[in-house]
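Here is how the chains run, residue by residue.
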Amino acid sequence: MALTDRTGEGRASLPPWIKTTFLTLGSIAVTMLGLLFVTFIIGRVMPIDPVLAIVGERASQSTYDAVFEELGLDKPLIVQFGYYIWDVLHLDFGTSLLNARPVSEDIARVFPATLELATLGIFFGIVLGVPLGVLAAVRKGSWIDQVARVVALVGYSMPIFWLGLMGLLIFYGILGWVGGPGRVGIFYVDVVPPVTGMILIDALLDRNWDVFKNAFSHIILPAALLGYYSLAYISRMTRSFMLEQLSAEYITTARVKGMSEWDVVWKHAVKNIRVQLITVIALSYATLLEGSVLTEIIFSWPGIGSYITTALLSADMNAVLGGTVVVGLVFILLNIFSDLLYKVFDPRAR
Amino acid sequence: MADQTFREWLVTDTPTSRRHAKLSALYQGWLTFRSNTMAMVGLGILLLLIVVAVAAPILSPHDPFVQDLGNRLAPLGSEGHLLGTDSLGRDILSRLIYGARITLYIVALVALIAPIAGLLVGTVSGYAGGWVDIVLMRITDIFLAFPRLVLALAFVAALGAGIENAVLAISLTAWPPYARIARAETLTIRSSDYIAAIRLQGAGAFRIITRHIWPLCISSLIVRVTLDMAGIILAAAGLGFLGLGAQPPSPEWGAMISEGRRFILDHWWVATMPGLAIFTVSLAFNLLGDGLRDVLDPKAGE
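Chains as they are written, first to last, in our numbering: chain A, 1 to 350; chain B, 1001 to 1302.
It should be emphasised that the hints constitute simulated quantities derived from the structure, not laboratory data.
The beta carbon of each residue, even a glycine, is placed where N, CA and C say it ideally should be.
Be careful, since some hints might not be right.
[Unchecked claim] Quick list of simulated restraints, FRET-style, between CB atoms: (1) B:H1020 to A:L77: 57 to 63 Å; (2) A:K343 to B:L1187: 40 to 46 Å; (3) B:A1025 to A:L33: 45 to 51 Å; (4) B:L1187 to A:K213: 56 to 62 Å; (5) A:L77 to B:L1069: 50 to 56 Å; (6) B:T1032 to A:Y250: 29 to 35 Å.
Produce the complete structure using the sequences and hints provided.
Right, dumping it as structure tokens:
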């Protein structure tokens, strides 16, 4: 494989990184086109008549025909698909049937909430998951390895929405340690000016500590919940990466040299798994953005997951498809980002 | 005595026929599997689940659909209702028992549809190569790059809520990994000598794929399916919870949690019990999958 690549480089006049860039951009474009095609098809097979949804049942035939043409439904499917791509490129997902606002505005409003939640979640996942995985690998077979195994197994088997409900019951209902559903208590709504849309950061910018404390007490439980799920995955992957490194010969050499166990583990082994770890974390972050759908419902968190689901239950198709496209795009971009990181940081993958 | 000799016949080093060798290999695998306690626990739970689902009418103390509004939200251990009653006075234990049927039904359907679709795409792609391979794998990549739950949501939105559509939506998002695995297997098998020999004998592509490539892909697919089952159950329960899977009054576990959610602070057991059921079953599938992987695909383990 490497051999053919090299001969290819020799013949082509372009430097290899340009070729790689083009290939990557091409694959991004194809994947995104695929995503749009699927959502387009879903929109077409919907049993809801988009014209009726706009004009209402009592509209005359001529009104109906006018809107039918305005929506471009008289054109062939491929042309309609072209229009659809054009609209999406201009961030136009149509208007919501519920509130008659552009879907893109709605998404811009709800997305920071999801971002905030998922980011805090992945933070917990990294801070707890990586050390747990490293320890489990270093002390393979010990009680800490067993604990890590159970933590991961439970994480893989527990329905997230149920665990969220139980958390709400215990920490909010019984113990009263955390704030309830929602982003902030009712007295703190709209107190700080929305700059980033992420309430923790907005409160910090405004130096409003009351809001910050209140918002923190609301986000901590759902973020810990998401963090637990990424912890399960991250710790498992860290453990297997570390086991691979620890059995390598350079580790034995380092130990023979008399290097302390701490340095062997943290300065040598962990340093060598950082590329793989970044990939795992990026993938895990992408799943968190998606996994927050159910969590957001449980905690009445006004993010994109709640948005899609609410739209779904009221048959607001533009909103559902717009939300799906945005989540899909973010997901694809994170996937590609982790791929790129791998190529940049790992010389063997180049 | 007879069974002692049967055991010896099974563990022999010198099998006398192909069938004998096959049975012997199967028995050796079973021995490895049996020594894995956790995997046996998983298997036990799942066998129990199947028995419960089959014998639901005999085992359940009440009709899962009969409402008794005078006795709603009865607590755990109340008379005649071991796990209490829900907001319409229906016996939770009976509903859980009948819900086992729905869970098994969904898992079985997805576990049939997704791997078979993946097997078809993967083997054709791997065997044909060239443009067919590029196009099919591109499509697979596109589906792999999608967020699964959100895509399943959108599919269900288009198809309408219900168990069958939930199954279809989950399958549509679950097949790509199987296609990848099947293609990888096919690529290694395709270039082996015995395939060349069969081709020289005049076998066509169809015969080679169905008779000689598929059987060799099965074991890695089975491992993957078992490991995926927990995810399938969780996805189905999630759709049910959102009101997009099984419709009321069907005793689907996810939908039951959704019903009990409104009373979580005062009547916690209504949502807790079905959650425990989902957890137990998906845990069992994870344990079984780990055990099977060790037997069928030792390289993949740690």
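Going through the hints against the structure:
{"no.": "1", "hint": "B:H1020 to A:L77: 57 to 63 Å", "verdict": "holds (59 Å)"}
{"no.": "2", "hint": "A:K343 to B:L1187: 40 to 46 Å", "verdict": "violated (23 Å)"}
{"no.": "3", "hint": "B:A1025 to A:L33: 45 to 51 Å", "verdict": "holds (47 Å)"}
{"no.": "4", "hint": "B:L1187 to A:K213: 56 to 62 Å", "verdict": "holds (57 Å)"}
{"no.": "5", "hint": "A:L77 to B:L1069: 50 to 56 Å", "verdict": "holds (52 Å)"}
{"no.": "6", "hint": "B:T1032 to A:Y250: 29 to 35 Å", "verdict": "holds (34 Å)"}
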